[in-house]
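Trainee: Protein sequence lines correspond, in order, to chains S and E. All residue numbers for the first sequence refer to numbering that gives the first Met the number 0, where the first residue is 0 and numbers rise by one. All residue numbers for the second sequence refer to numbering that gives the first Met the number 0, where the first residue is 0 and numbers rise by one.
Take these hints with a grain of salt, some might be off.
What the hints assert, rightly or not - Sample of chain E residues at the chain S side, in silico, Cβ under 7 Å:
no.	residue
1	23
2	25
3	28
4	38
5	43
6	44
7	91
8	92
9	160
10	215
11	220
12	221
13	222
14	251
15	255
16	259
Said to hold, decoys possible - The calculated label-pair distances, taken between Cβ atoms and stated as ranges, are:
no.	chain 1	residue 1	chain 2	residue 2	range
17	S	372	E	230	44 to 54 Å
18	E	263	S	2	53 to 63 Å
19	S	360	E	64	52 to 62 Å
20	E	41	S	44	45 to 55 Å
21	S	330	E	99	30 to 40 Å
22	E	229	S	454	23 to 33 Å
23	E	1	S	38	33 to 43 Å
24	S	35	E	262	21 to 31 Å
25	E	156	S	326	50 to 60 Å
26	E	229	S	342	20 to 30 Å
27	E	9	S	135	42 to 52 Å
28	E	64	S	454	35 to 45 Å
29	S	330	E	23	34 to 44 Å
30	S	337	E	203	51 to 61 Å
Claimed, not checked - Restricting the straight-line Cα-Cα distance to at most 30 Å, the calculated cross-link-like pairs of lysine-lysine (BS3-like) are:
no.	chain 1	residue 1	chain 2	residue 2
31	S	348	S	310
32	E	90	S	401
33	S	348	E	233
34	S	220	E	260
35	S	137	S	46
36	S	261	E	233
37	E	260	S	169
38	S	398	E	193
39	S	46	S	97
40	E	2	S	156
Everything labelled a hint here was simulated from the structure, so no lab data went into it. Glycine included, every Cβ here is placed at the ideal spot set by N, Cα and C.
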Amino acid sequence: MKERMKMREQNPLERKNNFEEVTLGYNEQEALHEASRCLECKTAPCKTGCPANVLIPEFIKEIKNKDFKKAHYILKLKNNLPAVCGRVCPQEVQCEAKCVLAKKGNAVAIGRLERFIADFGIKNNLSLDIESKSNSIKVAVIGSGPAGITCAADLAKEGFEVYLYEALHKAGGVMVYGIPEFRLPKSIVEHEINKIQELGVKLETNMVFGKNINLSDLKEKGFKAVFIGSGAGLPKFMNIQGEELNTCYSANEFLTRINLLKAYKFPEFKTPVIVGKKTVVVGGGNVAMDAARCALRLGADVTLIYRRTQKEMPARVEEVHHAMEEGIKFEFLNNPVRYEGDEKGFVKKVFVERMKLGEPDASGRRRPEKTGEIREFEADSVVVAIGNSPNPVIQQNLKDLKTTKWGTIEVDENNNTSIPGIFAGGDITTGAATVIEAIGAGKKAAMSIVNYIKNNK
Amino acid sequence: MKKNEIMEKKKLSDGSYLFKIYNPEVAKNSYAGNFVIVIAKDGSERIPLTIMEYTDEWISIVIQPIGFSTKEICFLEEKDCFSGIMGPLGKKIENKKYGTILFVAGGIGIAPVIPQMMEFKKTDNKIILIHGARDGEHIILEKESKKYTDNYIICTDDGSMGKKGLVTNAMKELIESGEKIDHIVTIGPLIMMKFVSDLSKNYSIPTTASLNTIMLDGTGMCGSCRVEYDGEVKFACVDGPDMDAHKINFDVLLRRNARFKSLELVNGEKK
Ligand SMILES: Cc1cc2nc3c(=O)[nH]c(=O)nc-3n(C[C@H](O)[C@H](O)[C@H](O)COP(=O)(O)OP(=O)(O)OC[C@H]3O[C@@H](n4cnc5c(N)ncnc54)[C@H](O)[C@@H]3O)c2cc1C
Ligand SMILES: Cc1cc2nc3c(=O)[nH]c(=O)nc-3n(C[C@H](O)[C@H](O)[C@H](O)COP(=O)(O)OP(=O)(O)OC[C@H]3O[C@@H](n4cnc5c(N)ncnc54)[C@H](O)[C@@H]3O)c2cc1C
Ligand code: SF4
Ligand code: SF4
Ligand code: FES
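Modelling step: build the complete structure from the supplied sequences, incorporating the hints.
Mentor: Next up, the structure:
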């Protein structure tokens with residue numbers, strides 16, 4: 000049997016000095032090779048692994064036929080952002096995990112094929128050619144992350160007059176402020192945003208729902224429904240000594256400075272960031288990996304501290320692998336206990352406690368336990384990447400909106416919130432999850448909104 | 000009129016500029032205590048500035064050109080548009096009758112004080128203002144200040160206008176004279192607010208300070224603006240900017256506000 004096609008990558012020694020994309024994508028020949036491995040299973044178990052039910056064998060079949068345009072069409076039916084998902088989906092635990100070939104450790108590289116086709120679509124500026132007749136019914140979408148973008152696009156395709164309101168000055172959510180350029184080029188996100196505007200979606204940035212645009216304004220202007228996709232952007236801290244130090248950042252601050260505000264191009268772009276010679280990153284997820292790899296590219300020697308072992312790390316395997324190749328040091332079974340600074344308040348030292356694994360906790364992962372053994376590391380900066388909670392702004396301003404004890408907005412299986420006509424989806428309802436889950440939620444909510452408006456005419 | 004268009008630009012005697020900006024959505028929702036995040040041009044920094052006046056259509060801001068981004072903004076002219084204005088952000092003041100409210104403003108800090116005096120006047124408070132600055136030229140917005148105050152005290156470092164000396168001296172004098180003060184609001188340089196806060200603590204007068212921390216998003220997403228508040232972490236952009244001064248760790252704040260000093264731009268270039 001043919002081997003899974005490798006993807007070309009920038010050499011680790013080179014790429015650790017630039018912000019250009021790490022993985023280079025398949026060329027046509029490579030894509031054809033990989034596509035030929037798909038067995039086009041009737042049952043297509045791979046589809047059940049994809050939260051958006053992408054028509055996997057169907058689009059792969061068109062690659063085999065070299066009808067990339069058709070493949071693109073099929074792909075886009077279920078996934079509005081395939082160029083993004085092809086790059087950042089945790090495929091190894093989603094679609095590819097369910098592929099029949101996965102048992103032999105040789106799953107079809109669905110994500111890479113998805114990326115190939117999506118990039119073909121971008122290069123050739125393909126559109127979906129959907130004729131939508133405007134019905135002049137206004138719907139507002141709050142937040143322009145993957146959930147909001149998807150919901151807005153699907154509603155526009157149905158003929159609705161969609162206004163997409165984004166708090167920041169740039170649309171894209173985590174795709175622009177969190178995930179770095181070298182993993183997801185911002186030009187791709189921009190392309191997708193342009194595409195939904197071509198569909199008729201009216202994007203308005205610098206608009207914060209609950210601040211300069213409110214539910215009462217929307218009602219007054221005749222809006223019939225609202226979708227909230229405001230994400231999980233509230234950074235968590237550990238509340239340990241020294242977290243207030245000058246060069247101790249939340250991952251959100253660190254990544255926003257670098258990705259959204261382009262501090263890596265300072266002073267061409269005007270927002271600064273200071274990493275110093277040595278950076279310690281705390282955490283084990285994608286966010287921690289992104290922060291560590293950004294710090295490395297800004298010239299720091301980077302150590303990542305995670306309280307469990309590599310096996311329990313929630314980050315994508317590929318990202319951990321890339322980070323290790325680039326020279327990031329990993330200190331597993333360690334947890335920071337305090338940071339020490341100099342007289343001006345800059346981080347100097349990180350004190351960590353060695354941990355050991357105990358009994359499994361609620362998540363099924365073995366719980367890290369303290370050992371009392373403390374060590375110290377030199378560091379000039381620290382990035383705390385231990386997770387994000389749901390954004391609270393909207394919930395605080397809409398008192399009738401039911402929330403859970405985790406602060407997420409409560410929704411039913413059709414993404415209805417407790418207020419009729421208001422729908423929600425993505426990280427704001429699930430807590431920090433994945434791009435494709437947010438897309439899935441945006442799609443489902445769009446359907447629910449269509450039905451809601453039909454029934455309330 | 001386009002959104003974010005500069006309707007009027009006025010130079011004040013201290014070198015600051017007052018901008019009137021067209022943006023009905025922001026203006027309609029604004030109230031004393033709110034600020035906006037301003038982006039001068041595409042690629043510029045996101046800068047927090049207090050909303051001074053608000054109507055149904057426009058807001059005004061007063062900005063002091065102290066570093067690269069504030070200067071970049073001051074180069075904008077009438078009819079130019081800001082690339083972005085986001086807000087109103089932060090908590091609105093809780094407007095009620097305290098009795099006598101003493102405002103202690105330093106330099107440009109008078110701009111954020113004005114809307115507060117205006118609103119607190121509406122709820123029948125007696126308003127006393129101590130405005131301190133380097134010299135007479137740095138005493139700005141006198142006309143507006145007079146309008147809302149029952150007692151308006153000016154002090155300058157060099158004595159070129161009003162009393163000579165620091166705002167804390169004037170404050171002490173006022174309190175010692177037997178004036179009963181129910182609440183203090185202080186806005187100005189951090190170091191001044193720290194001293195005002197220390198002093199008011201001695202007299203056990205509840206005090207609010209407006210925190211000018213370094214911000215990015217202004218919506219609680221990044222934690223850049225975090226302060227140590229009664230031993231807890233709070234975000235000035237959503238929990239403030241006006242916060243109980245006696246609970247703020249000013250020393251941490253002073254250090255954090257200087258954290259990018261080494262990267263300050265001179266004419267758009269690194270030093
Ligand atoms: C650093 C990082 C790396 C990640 N890596 C991956 C990965 O490799 N693969 C993967 O699948 N997932 C990854 N994720 C997770 C993924 O990005 C999120 O699950 C996904 O973006 C959630 O989408 P969303 O649309 O729900 O929200 P978001 O993408 O968070 O977008 C929400 C948007 O709403 C806006 N907003 C918030 N409040 C308001 C308001 N009041 N008014 C108007 N707008 C508002 C926000 O500014 C934001 O733009 C990563 C996350 C981070 C932070
Ligand atoms: C809620 C809020 C309201 C504000 N309202 C006003 C206002 O109405 N008018 C006005 O002129 N300014 C106001 N400021 C301060 C203003 O945002 C800063 O002066 C500006 O961000 C400095 O940017 P810069 O690039 O010009 O200077 P930089 O080159 O970044 O800094 C110049 C000097 O100022 C210090 N500094 C940096 N950022 C801040 C900051 N956010 N606050 C104070 N000092 C800082 C630096 O350490 C340095 O010493 C406010 C700040 C906040 C947080
Ligand atoms: S969207 Fe993600 S999970 Fe779904 S098929 Fe594509 S890569 Fe797999
Ligand atoms: S399970 Fe694997 S081999 Fe079968 S259709 Fe899906 S991708 Fe192709
Ligand atoms: S400015 Fe980002 S959280 Fe306050």
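Trainee: Each hint needs a verdict: does it hold in this structure or not?
Mentor: Comparing the hints with the structure gives:
| no. | hint | result |
| --- | --- | --- |
| 1 | 23 | 9 Å, violated |
| 2 | 25 | 5 Å, holds |
| 3 | 28 | 5 Å, holds |
| 4 | 38 | 6 Å, holds |
| 5 | 43 | 6 Å, holds |
| 6 | 44 | 5 Å, holds |
| 7 | 91 | 11 Å, violated |
| 8 | 92 | 16 Å, violated |
| 9 | 160 | 35 Å, violated |
| 10 | 215 | 6 Å, holds |
| 11 | 220 | 4 Å, holds |
| 12 | 221 | 4 Å, holds |
| 13 | 222 | 4 Å, holds |
| 14 | 251 | 5 Å, holds |
| 15 | 255 | 6 Å, holds |
| 16 | 259 | 5 Å, holds |
| 17 | S:372 with E:230: 44 to 54 Å | 28 Å, violated |
| 18 | E:263 with S:2: 53 to 63 Å | 54 Å, holds |
| 19 | S:360 with E:64: 52 to 62 Å | 54 Å, holds |
| 20 | E:41 with S:44: 45 to 55 Å | 47 Å, holds |
| 21 | S:330 with E:99: 30 to 40 Å | 58 Å, violated |
| 22 | E:229 with S:454: 23 to 33 Å | 50 Å, violated |
| 23 | E:1 with S:38: 33 to 43 Å | 58 Å, violated |
| 24 | S:35 with E:262: 21 to 31 Å | 53 Å, violated |
| 25 | E:156 with S:326: 50 to 60 Å | 54 Å, holds |
| 26 | E:229 with S:342: 20 to 30 Å | 24 Å, holds |
| 27 | E:9 with S:135: 42 to 52 Å | 44 Å, holds |
| 28 | E:64 with S:454: 35 to 45 Å | 57 Å, violated |
| 29 | S:330 with E:23: 34 to 44 Å | 53 Å, violated |
| 30 | S:337 with E:203: 51 to 61 Å | 34 Å, violated |
| 31 | S:348 with S:310 | 28 Å, holds |
| 32 | E:90 with S:401 | 22 Å, holds |
| 33 | S:348 with E:233 | 24 Å, holds |
| 34 | S:220 with E:260 | 46 Å, violated |
| 35 | S:137 with S:46 | 33 Å, violated |
| 36 | S:261 with E:233 | 26 Å, holds |
| 37 | E:260 with S:169 | 27 Å, holds |
| 38 | S:398 with E:193 | 36 Å, violated |
| 39 | S:46 with S:97 | 8 Å, holds |
| 40 | E:2 with S:156 | 29 Å, holds |
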